[in-house]
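There are 2 protein chains.
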Amino acid sequence: MGKRASGSRVNWQKGIEILSNDSPPDFKIGICGLGTVGGGTLNLLRENADEIGMRLGRKITVSHVATRTPKPELTAGVATTSSDPFAVVADPEVQLVVETMGGYEPAFEVIRQSLANGKHVVTANKALIAERGNELFAVAQASNVCLAYESSVAGGIPIIKALREGLAANRINWLAGIINGTGNFILTEMTQKSRQFNDVLKQAQELGYAEADPTFDVEGIDAAHKLTIMASIAFGIPLQFDKTYTEGISQITPEDIDYADELGYRIKHLGIARLSEKGVEMRVHPTLLSKSRLLARVNGVGNAILVHGNAVGSTLYSGPGAGAGPTASSVVADIIDIARQAESGVKRPICPGLGYLQTHEGLEVLPISEIETEYYLRIPAVDKVGVMAKISNVLTAKDISIDAVIQKEPTSESVPIVILTHDVVERKLNEAIAALEELDEVTGKIMRIRVEPFHGVQN
Amino acid sequence: MGKRASGSRVNWQKGIEILSNDSPPDFKIGICGLGTVGGGTLNLLRENADEIGMRLGRKITVSHVATRTPKPELTAGVATTSSDPFAVVADPEVQLVVETMGGYEPAFEVIRQSLANGKHVVTANKALIAERGNELFAVAQASNVCLAYESSVAGGIPIIKALREGLAANRINWLAGIINGTGNFILTEMTQKSRQFNDVLKQAQELGYAEADPTFDVEGIDAAHKLTIMASIAFGIPLQFDKTYTEGISQITPEDIDYADELGYRIKHLGIARLSEKGVEMRVHPTLLSKSRLLARVNGVGNAILVHGNAVGSTLYSGPGAGAGPTASSVVADIIDIARQAESGVKRPICPGLGYLQTHEGLEVLPISEIETEYYLRIPAVDKVGVMAKISNVLTAKDISIDAVIQKEPTSESVPIVILTHDVVERKLNEAIAALEELDEVTGKIMRIRVEPFHGVQN
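Residue numbers (numbering that gives the first Met the number 0), protein chains in the order written: chain W, 0 to 458; chain U, 0 to 458.
No lab work stands behind these hints: they were computed from the structure. Don't take every hint at face value.
In silico BS3-like pairs for lysine-lysine, Cα to Cα no more than 30 angstroms straight-line [unchecked claim]: (1) W:LYS290 / U:LYS290; (2) W:LYS58 / U:LYS346; (3) U:LYS407 / U:LYS242; (4) U:LYS58 / U:LYS70; (5) U:LYS58 / U:LYS383; (6) W:LYS346 / U:LYS427; (7) W:LYS58 / W:LYS290; (8) W:LYS58 / U:LYS397; (9) W:LYS192 / U:LYS427; (10) W:LYS27 / U:LYS70; (11) U:LYS192 / W:LYS277; (12) U:LYS383 / U:LYS397; (13) U:LYS383 / U:LYS407; (14) U:LYS383 / W:LYS290; (15) W:LYS346 / U:LYS70; (16) W:LYS346 / U:LYS201; (17) U:LYS192 / U:LYS242; (18) W:LYS201 / W:LYS58.
Here chain W is said to cover these stretches of chain U; the calculated rule only asks that three of the stretch's residues, wherever they fall, bring their Cβ under 8 angstroms from a Cβ of chain W [said to hold, decoys possible]: (19) 243-254; (20) 313-319.
Yeah, the Cβ is synthetic: ideal placement off N, Cα and C, and Gly gets one too.
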């Protein structure tokens, strides 16, 4: 990179000279929290200062950092360092506050006060945006400042910008994404190496991909936060985390992965938001999807989101969903966006925080029992003549039609019968499952996994 | 969509009322050219008017349309219709001109005059932007107006926005894309059905995927236009179409596709832009890439671009690269972007047209002979003992090391020897090919296809 680095330096110097007559003052920011994301942001602003300066025509200066633990090697050159984030909020020099503390408090209050004080805010805090974002965006709007959160969803993938701006001409019909890297790593390992969930989870914890308490990741809460945010900007509805259905991957067995494979599917932990005739669906759960889909091929800690708009059809966005570099990439992109706006003399943010100036207030979120999709059922049954007929009768009585069946050689007295259904309302399917479990021939709990056909998607 | 449509209508009415006190006047645009893209834009603005209005807080009105052929069913409700695009340029009502005529003239002059008159311009004209964009962006900058061109690259995929804004925190190291749907359709059919190039081309023409004169698509000129534009905004360099190396797919045979498959690769027509130690590479050519890559799985008329930034790592953007709906999606997204800016009171466009305020002027574009990559060689040779040794000696003498070899059973006296090399400078490889073709044992022209390893990319 020798040639470029020097070319860059020369030109940036030239740029400074060109701009020197009316060169805008540095854009001054503060950072609250120097963990992985905050530290990564500071490092990235330093490492790519020349390139960012050439794009922006001015420098971004970190003038104030708040960190609980002093990190002098990171904060070298930063004018002011505090242990109190509210010192950053109160600093009149600071035009933009980066909130990278995480958690609910004091992060919420840091953001709220910053916005109320007329400072822009960039945050990576998905839990806070998903659960308390409606209050915060109202404060931002009242103060005519930006609250930016690209890094809160899918790490380095600029999916918020794509939904809010790049696809703004569309009515978004649905989106579906692999939006938790830990869960995708676990399912990928289970699929590629026929390993058990608990075994891979332990490895993921050792590798640092999963927390000591893995609930947020494997039970889908983290994904539900991200899905809530995407659904809001896709459909123009308020953030409604409490209405997002969430189901984790801890019940998935290598056996299910094998049967799915045999039927032509992979099992992925998807977040799905859809606008149906009946309302909005927001749901996170294990999902069978055809092996031929690009989304099924996104492996390891990668994230990917497939979005369907009424004009564009389907587009896919894929990349790293976590990590210091990718997350900082999105945090700094937000800072550059805001600095570009400030420099252009806007009276108010270009784009509404959640993408819409008027929301679709009449749109209701559907309970999970009202969704309609295809299902995978694994039914443990006795190995007797007539079992399949009995099962079929129960399904037929509930108007559920069968798309495919696998009936295996019995391993003991029990034999798993695997069924793919056609579209059915979940409430009716649940009734059928209850009826099936009443049968003498059914020897245990039925495993049910939703199937996503992605009708009309090319790749 | 019943519930949503009515919800939307109610809310939009409410929105109008909310905004009625200081509601901004309609944003008025003109459209020059009512072909596929222009007509699609008009239709999309009409179809999604409610949704766009809710996002924007104001209406977009098409107040003037210029079309050679009157199309009354399309222009119903448009205040003024002309046959002369310069009437749109001169219309004082029009704030933004959509140029969807295509071609070089009068499109260039329509855009230039619009910008000079202080009107924003949105264009889908990749040839014009790639070949004469430098002049046009200078006019736009001098007039403090936007020249937007999202639809000129990869149809409905918001890749310009991703490069210019979403990844703005990064130094972009390289990008590689399937950016011509026709070519990808042809290679997909050849791969999946072992068909000959000419045979599939004919079908593509019948399906309307390929023009009667397919040169622009199959010889890579269309892809080179798009690559030129992406390279400029990725690296901060002027548009340099004349320095983009272009090689088509018409020489690819089903035989090469089969050998590549055997070695674990697919052949795709890629546009690659890379920043190396030596300078900038811009090249369009058939390329072997590992079957395990998502990019290798993008089939049919789909487009996809893989981008590598120094902070984020690699991200992929995939979707429809052409068609009325996808292209109009990007045209209208540009219109919304500009309307949002106009409404926010900017003194100048938020983002520089090509993403940088200062360009890297020292960066030179490398001639193709100076690139360094891996290669696939198919060498027609006589079936004699010692042939492979002779070929190896020639390669060794040029410091070219071999990664893999396939030697087939002879079909006649001639047997193809297929070789994958490790990294080598193309100039040296070409010398080796010339030397090999001098050998008595080599019976014909050697087929050479570049290989792209994408080191360090996860998916």
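Each hint tested on the structure:
Among the hinted pairs, LYS290 of chain W with LYS290 of chain U is consistent with the structure: their alpha-carbon atoms are about 14 angstroms apart, no more than 30 angstroms. The suggested pairing of LYS58 of chain W with LYS346 of chain U holds, with an alpha-carbon distance near 20 angstroms, which does not exceed 30 angstroms. About 39 angstroms separates the Cα atoms of LYS407 of chain U and LYS242 of chain U, which puts this hinted pair outside 30 angstroms; it is violated. Pair hint LYS58 of chain U plus LYS70 of chain U holds up; C-alpha atoms about 23 angstroms apart against a cutoff of 30 angstroms.
For the suggested pair LYS58 of chain U and LYS383 of chain U, the alpha carbons sit about 76 angstroms apart, so the restraint of at most 30 angstroms is broken. For the suggested pair LYS346 of chain W and LYS427 of chain U, the alpha carbons sit about 58 angstroms apart, so the restraint of at most 30 angstroms is broken. Distance check on the hinted pair: LYS58 of chain W and LYS290 of chain W sit about 47 angstroms apart at the alpha-carbon level, beyond 30 angstroms; violated. Pair hint LYS58 of chain W plus LYS397 of chain U does not hold up; C-alpha atoms about 48 angstroms apart against a cutoff of 30 angstroms.
A hinted pair counts as satisfied when its Cα atoms are at most 30 angstroms apart, and LYS192 of chain W with LYS427 of chain U does not qualify at roughly 43 angstroms. Of the pairs offered as hints, the one joining LYS27 of chain W and LYS70 of chain U is violated, with about 54 angstroms between alpha carbons and a cut-off of 30 angstroms exceeded. At most 30 angstroms may separate the alpha-carbon atoms for a hinted pair to count; LYS192 of chain U and LYS277 of chain W exceed this at roughly 42 angstroms. Taking the CA atoms of LYS383 of chain U and LYS397 of chain U, the gap is about 23 angstroms. The hint holds against a cut of 30 angstroms.
At roughly 12 angstroms between alpha-carbon atoms, LYS383 of chain U and LYS407 of chain U fall within 30 angstroms of each other, so this suggested pair holds. Distance hint between LYS383 of chain U and LYS290 of chain W is unfulfilled; the C-alpha atoms sit about 44 angstroms from each other, more than 30 angstroms. Restraint check for LYS346 of chain W and LYS70 of chain U: the C-alpha separation of about 40 angstroms exceeds 30 angstroms, so the hint is violated. For the given pair, LYS346 of chain W sits about 55 angstroms from LYS201 of chain U by alpha-carbon distance, which is inconsistent with the 30 angstroms threshold.
For the hint pairing LYS192 of chain U with LYS242 of chain U, the CA-to-CA distance comes to about 35 angstroms; that exceeds 30 angstroms, so the pair is violated. The straight-line distance between the Cα atoms of LYS201 of chain W and LYS58 of chain W is roughly 44 angstroms, outside the 30 angstroms bound, and the hint therefore fails. Coverage of the region 243-254 of chain U by chain W is violated. Counting CB-CB distances below 8 angstroms, 0 residues qualify, and the rule asks for three or more. Evaluation of the coverage hint for the region 313-319 of chain U: fulfilled, as 7 residues show C-beta separations to chain W shorter than 8 angstroms, against a requirement of three.
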